[in-house]
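4 protein chains.
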Amino acid sequence: MNSFNRLIEIFSDFPGIGPRQAKRFVYFLLTKPPAYTGELLRAIENLKNNTQTCSSCYRIFNKNGGMATLCSICSDRNRDHSLLAVVSRDSDLESLEKSGSYNGLYFVLGGIVPILENDPEKYVRSRELFTSVEKRIGDGLTEVILAMSANADSENTGQFVDRLLVPFKERGLKISLLGRGLSTGTELEYSDADTLRNALKNRK
Amino acid sequence: MNSFNRLIEIFSDFPGIGPRQAKRFVYFLLTKPPAYTGELLRAIENLKNNTQTCSSCYRIFNKNGGMATLCSICSDRNRDHSLLAVVSRDSDLESLEKSGSYNGLYFVLGGIVPILENDPEKYVRSRELFTSVEKRIGDGLTEVILAMSANADSENTGQFVDRLLVPFKERGLKISLLGRGLSTGTELEYSDADTLRNALKNRK
Amino acid sequence: MNSFNRLIEIFSDFPGIGPRQAKRFVYFLLTKPPAYTGELLRAIENLKNNTQTCSSCYRIFNKNGGMATLCSICSDRNRDHSLLAVVSRDSDLESLEKSGSYNGLYFVLGGIVPILENDPEKYVRSRELFTSVEKRIGDGLTEVILAMSANADSENTGQFVDRLLVPFKERGLKISLLGRGLSTGTELEYSDADTLRNALKNRK
Amino acid sequence: MNSFNRLIEIFSDFPGIGPRQAKRFVYFLLTKPPAYTGELLRAIENLKNNTQTCSSCYRIFNKNGGMATLCSICSDRNRDHSLLAVVSRDSDLESLEKSGSYNGLYFVLGGIVPILENDPEKYVRSRELFTSVEKRIGDGLTEVILAMSANADSENTGQFVDRLLVPFKERGLKISLLGRGLSTGTELEYSDADTLRNALKNRK
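Residue numbers (our numbering), protein chains in the order written: chain A, 4 to 207; chain B, 4 to 207; chain C, 4 to 207; chain D, 4 to 207.
Read the hints as simulated data drawn from the structure, not as lab findings. What you are looking at is a predicted structure, and each value in this text was computed from that prediction instead of being measured. Some hints could be false.
Unchecked claim - Derived DSSO-like pairs: lysine-lysine, alpha-carbon spacing no greater than 27 Å straight-line:
#	chain 1	residue 1	chain 2	residue 2
1	C	Lys35	C	Lys51
2	B	Lys207	A	Lys207
3	C	Lys138	C	Lys125
4	C	Lys207	D	Lys101
5	A	Lys35	D	Lys51
6	A	Lys204	A	Lys172
7	C	Lys138	C	Lys66
8	A	Lys204	B	Lys207
Chain A on its own, in the form it takes in the complex (with noise of 0.2 Å):
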């Protein structure tokens, strides 16, 4: 295949693009001098060179040109090393930064796990997540939050990790999930029947 629709293939892989938009894509590389093109290369090329997997948290991060195998964050002696929120994705650890509310460690599984799914591990970083809290609980770790979206499948994930993490809670590790109730903006009027059980449930 040429690489004109071959390029417009791979574009329609990349998250949120169909077809067309992957042939629009295409065409305004097609209309860009060399380099333009030539950066963007080069960007794609070091992308993986200039980031480093956290050997922690598993979370990626940019090297900046350092040797360091630890992100900032697990690397920071100012967090609350008592607390491990387990995301799913990057995105998601972003976002809980972002929210200014969390100042423990994280760890990144990587995936979700579908429901119905028979093999788990497939999908998730689940031995390294065992290994990590195995050693952290030396380290002080007391609870695991299961940092996971309101949807079937990601509390499926948040299932699985709770059950890989069982043998730990016989030595006192608390596991919790981020609550749930009303989130900003909901309306009663239109809320499901599961959220409003929840809401009255979490009362405070």
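Chain A is already provided as a structure; the job is to place chains B, C and D on it using the hints.
What follows is chains B, C and D alone, placed relative to chain A:
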């Protein structure tokens, strides 16, 4: 003003209706036979005669020809009389009933107190609520649930009710707020800081 | 059935209104003082008394206390009596008037003939149109414009009217259709084949 | 700037992509194996080598290993060489081809001339168009179709091309514009005055 234009004006007052749709309503009525319009007129005319505002919770209910002044919820001995959910509108009450998660009583405020409003009593049944809570405390009421939507004006309404009921707190009345956190479908990546803060705080 | 539920049913018939919004209308009316409801009742009651269907174009107009049977357009000697725009509804007529581009007369069919309908006369004023055109031809009518929206049922309605008026074509009456092509805002990239075909055919 | 942030910036330039989706693209690429990224890089690198700008209509086409400088449309003897559709972009050309209603030739301007722009030549291939029309007139060209979208800037582009080609009008070249009117799906009730004016003017 003639009836045609006056009716457009009145329909434009209806919740969610602009002048263009109001005009379509009027044209719609003009195409209908007298029997249809007659039934509409009778239904509007009898609406208040056939309905009753509950003397206890101020909810509107169908009289169905009866003489009851108490609605079916307030007169139901199987409901939990220790709980009183204060809601803004009948539609909020209906939503909670449909969820099947609440078995206490209700009080319908009849409105929302806008932020920075100096005269909140204009908007809600504050005296009626005060009297009702006073009386119910003798009947076993132990908790008032502020069941408000999660927006600025509704939260302001909740705070107003909270202040109003301060005298009863000293007598042991608990005042609670619907739980905040992730509602069904909430994605971490797209959540606002407030929702994430609440979800973290209310984790369990 | 009680008035509360019957009124919800009736409002659910209104164009664009579902049961949920219909219920909000009913609650809205219940919060209003008798003076408001009274005015609504009077406006609905007088609607047909205060309006008149034009004896010539079947448009609805305000009587404003007068005895006229002809609407302001039909009785306006400055309008071009050689042109007759046949529209489905009053709202289409209003839209053409607002455009300021048409100075002829109108005929309001009062409906749309669905595709594959065997009994089109049920839906539109076909006899009245026939009679009206016959009479107007003597008064100088030379062209009937089928002013229909560009969707399947409306086009079918146009074809029905076209067949209905065949006898007058032999007597020299021109029957025209609104031009097809790019409407304001149409992007070539997102246009359907039909629109492009018409835009090419009708280029000038 | 590091590749991570630079790549987000570059993707944010892509048509229809904001910073948030650009970031998702970068995270997406980071999860992909080197084979995938490698193929993307090759496809971008070879894009211009594998495509060719047609020397006649300036359309981009796949070389498929050949040495042709004329695209398949320009070299097709069965196309109607008396018609030349001037379009802004390749995607407009594709849309017209897909409609199956046009069998003439094309010229791709490569852009749009914004309203009130003093230097229109910066935006479109005006010299190339002039030369091309001059040459084609000798080859039987009789009509140039300004095939522009129906928005302000595109119409301005059409007017610019119209002025540019004035010298050829004296030599008998016809310059036409795509027809305006109702496009598929247009409802009279919701149409703007311009569309209705055109639909009336272009009735037939």
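Consistency of the hints with the structure:
no., hint, verdict
1, C/Lys35 <-> C/Lys51, "holds (25 Å)"
2, B/Lys207 <-> A/Lys207, "holds (13 Å)"
3, C/Lys138 <-> C/Lys125, "holds (23 Å)"
4, C/Lys207 <-> D/Lys101, "holds (22 Å)"
5, A/Lys35 <-> D/Lys51, "holds (10 Å)"
6, A/Lys204 <-> A/Lys172, "holds (24 Å)"
7, C/Lys138 <-> C/Lys66, "holds (25 Å)"
8, A/Lys204 <-> B/Lys207, "holds (12 Å)"
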